[in-house]
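Place chain D on chain Z using the hints.
Number of protein chains: 2
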Amino acid sequence: MNKFKWLACLLGFISSVGVYSQSDAQVLKKIYTTSLTNGKSYDWLNHLSNQIGGRLSGSLNAEKAVQYTKEELDKLGLDKVWLQPVMVPKWVRGFKEYAYIESGKGKTTTVNICALGGSVATPALGLKAPIVEVKNFEELEMLGKENIEGKIVFFNRPMQADLISTFEAYGGCVNQRYKGAVEATKYGAVGIIVRSMNLRLDDLPHTGSMTYEDLPVADRIPSAAISTNDAELLSTMLKLNKSIKFYFKQNCKQLKDVLSYNVIGQITGSEFPEEYMIVGGHLDSWDLGDGSHDDGAGVVQSMDVLRLLKESGIKPKRSIRVVLFMNEENGLRGGNKYAEEAKQKGENHVFALESDAGGFTPRGFSFDCNDASFNQVLSWQPLFKPYLIHFFEKGGSGADVGPLKTETNVLAGLRPDSQRYFDHHHASNDTFDAVNKRELELGAATMTALVYLFDKYGVNPIVNEKQIKQ
Amino acid sequence: MNKFKWLACLLGFISSVGVYSQSDAQVLKKIYTTSLTNGKSYDWLNHLSNQIGGRLSGSLNAEKAVQYTKEELDKLGLDKVWLQPVMVPKWVRGFKEYAYIESGKGKTTTVNICALGGSVATPALGLKAPIVEVKNFEELEMLGKENIEGKIVFFNRPMQADLISTFEAYGGCVNQRYKGAVEATKYGAVGIIVRSMNLRLDDLPHTGSMTYEDLPVADRIPSAAISTNDAELLSTMLKLNKSIKFYFKQNCKQLKDVLSYNVIGQITGSEFPEEYMIVGGHLDSWDLGDGSHDDGAGVVQSMDVLRLLKESGIKPKRSIRVVLFMNEENGLRGGNKYAEEAKQKGENHVFALESDAGGFTPRGFSFDCNDASFNQVLSWQPLFKPYLIHFFEKGGSGADVGPLKTETNVLAGLRPDSQRYFDHHHASNDTFDAVNKRELELGAATMTALVYLFDKYGVNPIVNEKQIKQ
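Here the protein sequences line up with chains Z and D, keeping their order.
Each residue of the first sequence is one higher than the one before, starting from 1 at the first, in my numbering.
Each residue of the second sequence is one higher than the one before, starting from 1001 at the first, in my numbering.
Next comes chain Z alone, as it looks inside the complex:
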């Protein structure tokens, strides 16, 4: 038995007896009760969504959100609140996009599209071309240049409905949106239309980021998403008539990078102030809705974690930061900047938790960490049972905290119920009314509970064995 296995056994034993005390159950009760009866997350989200609105990187709204959240953090009596400058891309949508299917002379059917984030515009009068449907890049390759050149490529692989995790279904589709233009360009396509990443059939197009990689500007082709209903319609019409044409017009463009900020607040640790634990979400959003679920929810929940710690009378041993990241959606500049500066300063980030999967009923967390830390988490499961928090799995954490990964720290992502997330994701119905107050507050409490436990017992149980036994 090697050293690791021995430790794993020991931890298995500790986990079976439960590394927590009765008082922890009382603290969790206090945290959940405070969030449900005296939470601030819903009020903050109301302001972010209804007074500010969509917060695309580089927009005036994004800057308003920076100012607003900083002011609100200032009111919480934290030890420190500051802005971390970061240059972000600025892409603007321009006028509302317009598109139709032309199935014969003068026979047109209007459809709902939106430009993908980062796309170039069509020519000023729009782009009309024959359209060819594919399900994936392999089909594209099989069709080859002779069937694609001069045409618009229609990527129409739906999200897989039988996957229980809708994020897994998203993962299986999103390459069409992100890399579709690059792939289609190889065969001479003049534009792409992508089926919206949405499990429902409805009329709303869903935007999202895309890349041109290193394509010269002149070779970049306009790219748009089409609603799922219209994707079905287009596909049916194409089956009946291969010669139909597609027209679309959009005048989005990429401007110069502009200055923006991550917003950061800190409670300084009483015993280990040099160990940093962070909670965060992203302040920017897409522009079609008001970004309530993506990621207004994560922003206000993260803010409330620090407030709930204070309200519950918890004085953390470690330094706890809330970090509201700028530009997750189309650049990840905020997440990268934060990690870069942390590295430069030699800050030891022992823990990072991200909420960026919507403000729905929390089910648990996904953990990117070593086995010892994961076993420690599993030992706390009984504490979460009264709150119906049951999902504790190893896996990814979140895009913004990802760059902080080390061999010993713990990265985690809140995992809310995912069934409705892609009904709203990046679409005009990602709005405040789609968020339930209690579900949002339960998420904030669940995050706070995990932060409390990791702060109390330490992030690495091998290193911190003494603390565990206290």
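By construction, these hints were calculated from the structure, which means they are not laboratory data.
Note that this is a predicted model, so its numbers are computed, not measured.
Treat each hint with caution, since some may be false.
Here are the simulated lysine-lysine pairs, DSS-like style, with alpha carbons at most 30 Å apart [claimed, not checked]:
id : chain 1 : residue 1 : chain 2 : residue 2
1  : D       : K1029     : Z       : K40
2  : D       : K1030     : Z       : K135
3  : D       : K1135     : Z       : K30
4  : Z       : K135      : D       : K1029
5  : D       : K1040     : Z       : K135
6  : D       : K1029     : Z       : K394
7  : Z       : K385      : D       : K1245
What follows is chain D alone, placed relative to chain Z:
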């Protein structure tokens, strides 16, 4: 160690190794995939909600729902489909209710109310009286006749926000609605206004059943629910001015009982046709919305259980029935009738599962059964893990299946996520758009999976030990 304990230990051991086979995991996969990719529940609900609408007992819509669901069951190729006659109460709301707070001469503020189900009307010109607020029946008693006689009693105890189960919060409040009139009448009240059973603050009044017990008709006082926003307003105004009056007008009435039906469909068992397992929900609903969550969801999920069994190639050993109960909301006549007739015929109901907690993401089940059966369920937990079904607790089942209880059978209730349920319960926003297709379908699949397992392994593992070992 007595016999029971020994059995419990044995079952504990069996449970730790898992009483199921690899093929069960494949069957569950098939069930969930079929429901999510080829379910019928959402289409059926669309019809029930949008083509028929609210289905109050005794109404034309309720009869339309009987006909529609029977026709749809007829199409499924079951072994038998029939209607079970049952007399039901018929209460009608009449015109839309109207109410205002009078805070001074000519100073009135309109508020949102609805008559409670079963309430009598106000006088034709309405009822105006001073109003007194209480939080519970103890306060009522303390105030006594001298402070209540001739007044309207305003019951304003909110649902407790810090309870994780909203049904528990409902249970802690609903006596105000159900028994408020009876209690207030003791002290000479002339009417009651009850805060809606709703955790949100909004403008929608929520109806629901009430009783006059054996009060003579002449002594029955009109009873209505007020929206939570208006309850807050009224309470605030009362704090400032004790002499304000409340006016309301409603012309609801109780008519004679009418003939209606439970709708029943059956797949006859291949090995134990005399053992009955039922799944059900209630066809009737309140009249303000279209009853999509309460309980259109349970109806269509129950129907789909039998269809999903067939689609998944499962030939049950026991007779499986879907029972769509009439009149759960204001009488429970359907549930009582079904149990009564089952008893008369000596039908052995070994299992009954009810879905009447909304069409939200399923989290698990509550079981009313003995320890042996419950341990059997716990042994199946790993099978449900891929579908994030984690809640397996002893507790209540459901109102309609409750009368079937015996010492040895298993009654169960589907337990969906409860956070949003009371946002819609008995209110005008209990509508089809509030139901998510995937959440509904996951519920149907989860119910089907449990029925499949109980049918395969038998309901009472002590009696059926041989089957378990097969």
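For each hint, the structure was consulted:
no., hint, in the structure
1, D:K1029 <-> Z:K40, "violated, 41 Å"
2, D:K1030 <-> Z:K135, "holds, 24 Å"
3, D:K1135 <-> Z:K30, "holds, 24 Å"
4, Z:K135 <-> D:K1029, "holds, 25 Å"
5, D:K1040 <-> Z:K135, "holds, 26 Å"
6, D:K1029 <-> Z:K394, "holds, 22 Å"
7, Z:K385 <-> D:K1245, "violated, 47 Å"
The structure fails to meet hints 1, 7 from the earlier list, while all remaining hints are met.
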